[in-house]
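S.K.: Here's the letter readout for the chains.
There are 2 protein chains.
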Amino acid sequence: MKIALDVMGGDQIPSVPIKGAVQAIQELEADFELCLVGDDTRIAGYLERFDGLDTSRIEIVHAAEVVEMGESPSAALRKKKNSSIAVGIALQAEGKADAFISAGNTGAVMATSLRGLGRIGGIVRPAICSVFPTTSSSCVVLDVGANVDSKPIHLLQFAMMGSIYSRQVLGTSSPRVGLLSIGEEPSKGDELTVATNKLLAASPLNFIGNVEGGDIFEGEADVVVCDGFVGNVVLKLSERVLNLLVGHLKNQIKASPLAAMGFLMLKGVFDDMKQTFDYAEYGGAPLLGIDGTTIICHGGSPPRAIRNAIRSARLAVLNKVNKVISEEVKNYQMENSTNGNLS
Amino acid sequence: MKIALDVMGGDQIPSVPIKGAVQAIQELEADFELCLVGDDTRIAGYLERFDGLDTSRIEIVHAAEVVEMGESPSAALRKKKNSSIAVGIALQAEGKADAFISAGNTGAVMATSLRGLGRIGGIVRPAICSVFPTTSSSCVVLDVGANVDSKPIHLLQFAMMGSIYSRQVLGTSSPRVGLLSIGEEPSKGDELTVATNKLLAASPLNFIGNVEGGDIFEGEADVVVCDGFVGNVVLKLSERVLNLLVGHLKNQIKASPLAAMGFLMLKGVFDDMKQTFDYAEYGGAPLLGIDGTTIICHGGSPPRAIRNAIRSARLAVLNKVNKVISEEVKNYQMENSTNGNLS
Numbered sequence: 060m061k062i063a064l065d066v067m068g069g070d071q072i073p074s075v076p077i078k079g080a081v082q083a084i085q086e087l088e089a090d091f092e093l094c095l096v097g098d099d100t101r102i103a104g105y106l107e108r109f110d111g112l113d114t115s116r117i118e119i120v121h122a123a124e125v126v127e128m129g130e131s132p133s134a135a136l137r138k139k140k141n142s143s144i145a146v147g148i149a150l151q152a153e154g155k156a157d158a159f160i161s162a163g164n165t166g167a168v169m170a171t172s173l174r175g176l177g178r179i180g181g182i183v184r185p186a187i188c189s190v191f192p193t194t195s196s197s198c199v200v201l202d203v204g205a206n207v208d209s210k211p212i213h214l215l216q217f218a219m220m221g222s223i224y225s226r227q228v229l230g231t232s233s234p235r236v237g238l239l240s241i242g243e244e245p246s247k248g249d250e251l252t253v254a255t256n257k258l259l260a261a262s263p264l265n266f267i268g269n270v271e272g273g274d275i276f277e278g279e280a281d282v283v284v285c286d287g288f289v290g291n292v293v294l295k296l297s298e299r300v301l302n303l304l305v306g307h308l309k310n311q312i313k314a315s316p317l318a319a320m321g322f323l324m325l326k327g328v329f330d331d332m333k334q335t336f337d338y339a340e341y342g343g344a345p346l347l348g349i350d351g352t353t354i355i356c357h358g359g360s361p362p363r364a365i366r367n368a369i370r371s372a373r374l375a376v377l378n379k380v381n382k383v384i385s386e387e388v389k390n391y392q393m394e395n396s397t398n399g400n401l402s
Numbered sequence: 060m061k062i063a064l065d066v067m068g069g070d071q072i073p074s075v076p077i078k079g080a081v082q083a084i085q086e087l088e089a090d091f092e093l094c095l096v097g098d099d100t101r102i103a104g105y106l107e108r109f110d111g112l113d114t115s116r117i118e119i120v121h122a123a124e125v126v127e128m129g130e131s132p133s134a135a136l137r138k139k140k141n142s143s144i145a146v147g148i149a150l151q152a153e154g155k156a157d158a159f160i161s162a163g164n165t166g167a168v169m170a171t172s173l174r175g176l177g178r179i180g181g182i183v184r185p186a187i188c189s190v191f192p193t194t195s196s197s198c199v200v201l202d203v204g205a206n207v208d209s210k211p212i213h214l215l216q217f218a219m220m221g222s223i224y225s226r227q228v229l230g231t232s233s234p235r236v237g238l239l240s241i242g243e244e245p246s247k248g249d250e251l252t253v254a255t256n257k258l259l260a261a262s263p264l265n266f267i268g269n270v271e272g273g274d275i276f277e278g279e280a281d282v283v284v285c286d287g288f289v290g291n292v293v294l295k296l297s298e299r300v301l302n303l304l305v306g307h308l309k310n311q312i313k314a315s316p317l318a319a320m321g322f323l324m325l326k327g328v329f330d331d332m333k334q335t336f337d338y339a340e341y342g343g344a345p346l347l348g349i350d351g352t353t354i355i356c357h358g359g360s361p362p363r364a365i366r367n368a369i370r371s372a373r374l375a376v377l378n379k380v381n382k383v384i385s386e387e388v389k390n391y392q393m394e395n396s397t398n399g400n401l402s
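Protein chains in written order, with the working numbering: chain A, 60 to 402; chain B, 60 to 402.
All clues stand as given, with none of them false.
No copy is singled out in the list; a pair is fine if it fits within one copy or between any two copies.
List of simulated lysine-lysine pairs, DSS-like, C-alpha gap at most 25 Å:
#1 Lys-295 to Lys-257
#2 Lys-247 to Lys-210
#3 Lys-379 to Lys-155
#4 Lys-247 to Lys-138
#5 Lys-313 to Lys-326
#6 Lys-309 to Lys-326
#7 Lys-78 to Lys-61
#8 Lys-382 to Lys-155
Calculated from the structure, these hints are not laboratory results.
From a predicted model like this one, the values you see are computed outputs, not experimental measurements.
Chain A extracted, bound-state conformation (with noise of 0.2 Å):
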């Protein structure tokens, strides 16, 4: 198995994606390769820098250019074809990899996607699939970005599409699905909700009915299904909430010395804290219902972020999640096309 990794995506480049894969490298099970995608002289210079690495699982590929985070898509799509998105996302359709993984523009990193790995047959719109932490474990999140305007069809997708990479994935046996929403009666909600829930309890999934935003952290359900608009704000909200309170009580600390050796006392407490709250444990987002295997990373990911992001490509193709999703998805239709559930 071959992963592609985008060096020239993130807050920190080309340093923070190869520290990530080296490693990803030195600590993860030895049945895969990596591919580092960008500027070789840059990357080749950089891994020097990691005395006695072994480097034979590691190939670079030149990418000569590198689309901005601020940057228009479609214009990265149309005039940068040389970029590292680009390139990594060619290797895939050329099947000189098997995963593609960047913590670039997300934006670009999606066209890119969609455009050189088409969808899985069936597929109505992919899906950005997050995994946030619980106090359990973790649920997964989608959408989280790729679709606003969603329709009940498409939210159904989601569900089945989160569902598989749950098991696949994450492990989760009998994931439970929930729809989120701001009531736990079916008839709470939106109009898309109300319709999605209809879909979702006539469907084979293990659906557990709404559940609301709190809900999520609570480990309440495994999946939670929602439009790309909602799931983003949650998602952002959620990212910047933690950080928000941690700035706060440090801010309140420095004043006072007292408090200051308390935090010292505390700190194991907050380092785990941080540790079972902190999205870099969770390996980035996967976009489903492509053909292919892209996982997207936040730009400011440490690290072990790119670590774990490699391990979930390495589950996701290990354990053929678009195979599954692609044969759930044809069962599923020919099951409902006789008598016309999806119309």
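Dock chain B against chain A, hints included.
M.R.: Structure of chain B alone, referenced to chain A:
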């Protein structure tokens, strides 16, 4: 001025609402009277616990029925004509009270207010307006649950009403209005937000453009406008995240004597943080757009939240929020009817 308070609404009745009422009488300006609405015998009995309380500004109004928290709002409206909610709203409708506050069944308070008081002329849909804490001050978010499937004209009116509430009740001189979306550019978002962005940009409001979920807490805007579906998800998520983090912290601390000592040293800091981010400080959510003053409190509101809701109701009446809304909506409609901006 007379403010009616539902003492039968909330998780602990009538104790918590009555305690809040007593705090308001003792601590706030003395220019208002309170009507405590509920079981008159229980209210009179509970009031006796407060030795030396001056009850000259407190009136008891009997209401024989109680709307339960889980009850269907439409059923409550139809069947419980003598509920504390129905009696409290009727006091306003008959001109015997200027405002009504309840921590009871939100749907029932909303439906009864709308039925009993009607809308302000020109307002298409009322909205529930929640006051969020921010690192610097507070931010008014609306709608947080009165509406789903909103149209751009509704969001424009929410922005006008939120802006007036921020100015007249919270004292913000020229409230910065943000539109909740998934990116700063006007083109980012779903159909609703893209269309609303144009309406807001053309309005006389101090519109600062799109904001993201996390911006709410960082005080980027004084007013954040959204459809009630996403607003309700954000509200419930935010309330729960803080509790979740503090709960997690406490569990970890219990397991370690050193951490427990550190926690004691940090107690002042935690108390301060709790106060900064405590919803109780911000005194309930007004239902804006109805031809009256209704403030909805969280079912779990402590006495301080009830006291602060009374403070907000007093300011809303004193500073004529509804009169200003009525005038500004009328002016804006007249301005735009000539050039078809709102068609």
